[in-house]
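Take the sequences, apply the hints, and build the full model.
Each protein sequence line maps, in turn, to chains A and B. When we follow full-length UniProt numbering, the leftmost residue of the first sequence carries the number 1, and every step to the right adds one. When we follow full-length UniProt numbering, the leftmost residue of the second sequence carries the number 1, and every step to the right adds one.
Hints in this document: simulated from the structure, not taken from any laboratory. Check before you lean on any hint, since a few could be wrong.
Where chains are identical, the list cannot tell them apart; a pair therefore holds if satisfied intra-copy or between any two copies.
Unchecked claim - The calculated lysine-lysine pairs, modelled on PhoX-like cross-linking and capped at a C-alpha distance of 20 Å, are:
(1) 216 x 193
(2) 12 x 267
(3) 193 x 228
(4) 33 x 307
(5) 33 x 216
Computed from a predicted model, the values in this text were never measured in an experiment.
Protein chains: 2
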Amino acid sequence: MDPTKVTIPPMKDLTDENITANTHIINSQGPDKRLQFLMHSLVSHLHDFARETRLTTDEWMGAIHFLTATGQKCTDTRQEFILLSDTLGLSMLVDAMNHPKPPGATEGTVLGPFHTHDALEFENGESICSAGKGEAMLVLCTLRDTAGRPVVGASVDIWETDETGHYDTQYADRGGPDCRGILRSGEDGFWFKGIRPVPYPVPTDGPVGDMLLKLKRHAYRPSHMHFKINAPGFDELVTALYVRGDPYETSDAVFGVKSSLIIDLRKIEDAALAAKHGMQVGDWLLVHDFVIITNEESDALRRAQAKEALRKLGSVAMLNSDGLPTAAELD
Amino acid sequence: MDPTKVTIPPMKDLTDENITANTHIINSQGPDKRLQFLMHSLVSHLHDFARETRLTTDEWMGAIHFLTATGQKCTDTRQEFILLSDTLGLSMLVDAMNHPKPPGATEGTVLGPFHTHDALEFENGESICSAGKGEAMLVLCTLRDTAGRPVVGASVDIWETDETGHYDTQYADRGGPDCRGILRSGEDGFWFKGIRPVPYPVPTDGPVGDMLLKLKRHAYRPSHMHFKINAPGFDELVTALYVRGDPYETSDAVFGVKSSLIIDLRKIEDAALAAKHGMQVGDWLLVHDFVIITNEESDALRRAQAKEALRKLGSVAMLNSDGLPTAAELD
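As structure tokens, then:
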């Protein structure tokens with residue numbers, strides 16, 4: 001860049017007292033006012049964190065190494081930074097703000113690091129798990145809008161671990177997707193065969209596992225099955241159902257459990273039902289009614305909650321056309 | 001972990017309003033009170049950042065990808081996270097807090113991502129650059145304590161770019177260290193041959209470069225030469241000398257310039273001096289007096305500044321034996 005084009009005020013002799021204000025100035029030269037707002041908040045909090053903790057050079061270098069190792073642990077099928085976000089409660093917070101739900105709608109929860117984009121499509125009634133996996137479970141679901149009308153044609157993406165608590169992406173010899181699949185909803189909802197969920201630890205062989213160990217936190221998630229539901233005109237629902245009575249129900253390592261998402265796992269008692277779905281009496285049965293909300297419902301709620309939250313925080317930020325706080329236009 | 005050993009209060013139904021307090025509880029189970037304090041501050045700021053900005057799911061995923069790419073850009077000779085810290089002003093802040101200097105002592109500045117651990121040792125008077133590099137420059141320095149006594153036997157680690165603005169670690173075919181070296185100080189200080197520093201852009205072929213571009217920031221650092229000085233009993237000095245009049249003197253991409261570190265580059269006029277050092281009249285000459293402080297001086301100053309800073313912030317944190325704020329012992 002041509003130095004004669006530098007338009008910021010002269011900047012040198014930066015100290016712990018003036019570095020933050022000057023970083024804001026140098027970050028405020030671009031046209032993207034939302035990005036400016038994000039950077040202003042990020043830099044303020046990052047610097048305040050260092051100032052309040054009197055972060056030492058060794059601790060700073062430790063953080064550099066931790067973040068580097070976290071990035072380098074990531075692969076096409078492993079996302080250690082999402083796991084870090086999950087274990088620090090950030091993922092839950094971001095989901096809550098972006099996908100608020102009115103009473104009666106199915107609540108959301110963390111996506112987690114194990115969703116993939118290579119799940120196969122299945123017909124309703126098929127098994128998303130290969131033969132020999134876990135204890136067979138029949139899953140019967142309805143899918144409706146908040147007015148009680150069936151939502152037809154939704155894409156329902158489902159994933160769960162095998163009976164040992166491992167996702168297919170954790171297999172050393174992963175050939176392709178397993179214990180995951182995509183269904184289309186009909187007038188009657190969607191139904192499929194899976195296996196009974198089990199509790200499992202999040203991966204602990206990386207930097208996040210080291211962090212949990214140092215903090216004396218356990219790494220377990222209670223038994224659950226993930227669902228990601230997309231339908232035209234509706235807000236994406238990322239959620240999971242949790243099996244009631246799991247020993248980790250109230251200490252989930254990634255803060256995902258919500259009372260409304262805890263379900264009672266039953267056994268199939270009706271021989272006709274078993275026969276209809278090619279199951280045995282005594283196999284596990286999960287029945288649940290999902291309710292999703294429209295983009296309009298979601299957007300209105302999100303904007304209202306953002307306004308209220310900013311009011312509580314005493315923020316005077318302007319809201320842009322997306323209802324997001326943004327830096328003021330200076331010209 | 002045995003779930004019967006979980007001692008935290010039951011935790012579920014986490015929302016954007018209660019997630020932060022509950023993350024603090026789950027992070028407060030270990031014995032390391034300093035780590036607890038760091039995590040408490042980190043999580044508070046991380047969550048407040050998301051809440052204040054109403055961080056969107058897309059922006060969150062963008063950040064996940066940015067951090068992942070930053071980690072994956074790092075190699076043995078490339079540290080993209082240090083570059084990120086430098087460009088966000090964090091490195092300058094951490095150095096200022098950890099290595100405060102009394103009047104008269106040489107100020108510190110950013111280490112940057114280009115220091116290596118494989119620099120060779122040189123005798124005073126030798127050239128740290130291989131033949132054919134840049135415009136020859138003689139560097140004559142003294143090294144004293146704050147009482148004016150010479151500091152003998154210090155390790156002085158020096159690094160600079162070549163005349164094209166590239167460090168040796170940026171060479172595709174790097175065979176070994178170049179334009180870097182380690183000297184030992186004597187009664188007369190230390191002296192060596194290098195080349196005239198030039199301005200250069202920080203590496204822009206990674207995520208940090210993308211960030212600077214989006215923020216319309218230039219990537220340049222003004223001409224400088226790095227020094228890292230270690231002597232038994234003395235606080236490590238990480239600093240650099242900047243050439244007066246550089247076009248980027250007041251807009252350094254990493255906020256490193258301090259008035260006291262800007263030096264006047266002269267030319268050798270004295271034929272005897274030139275002859276003594278195997279230089280030519282007209283070659284560049286850099287003369288500087290470094291003053292380093294003892295560990296005791298540094299420690300006392302750091303503790304006093306930490307106390308004062310925490311008082312200003314209204315913090316009631318306890319200070320541990322290192323003078324660092326820490327979580328209170330609960331038992």
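Looking back at the hints listed earlier, which ones does the structure fail to meet? Going through the list in order, the structure violates hints 1 and 2 and respects the others.
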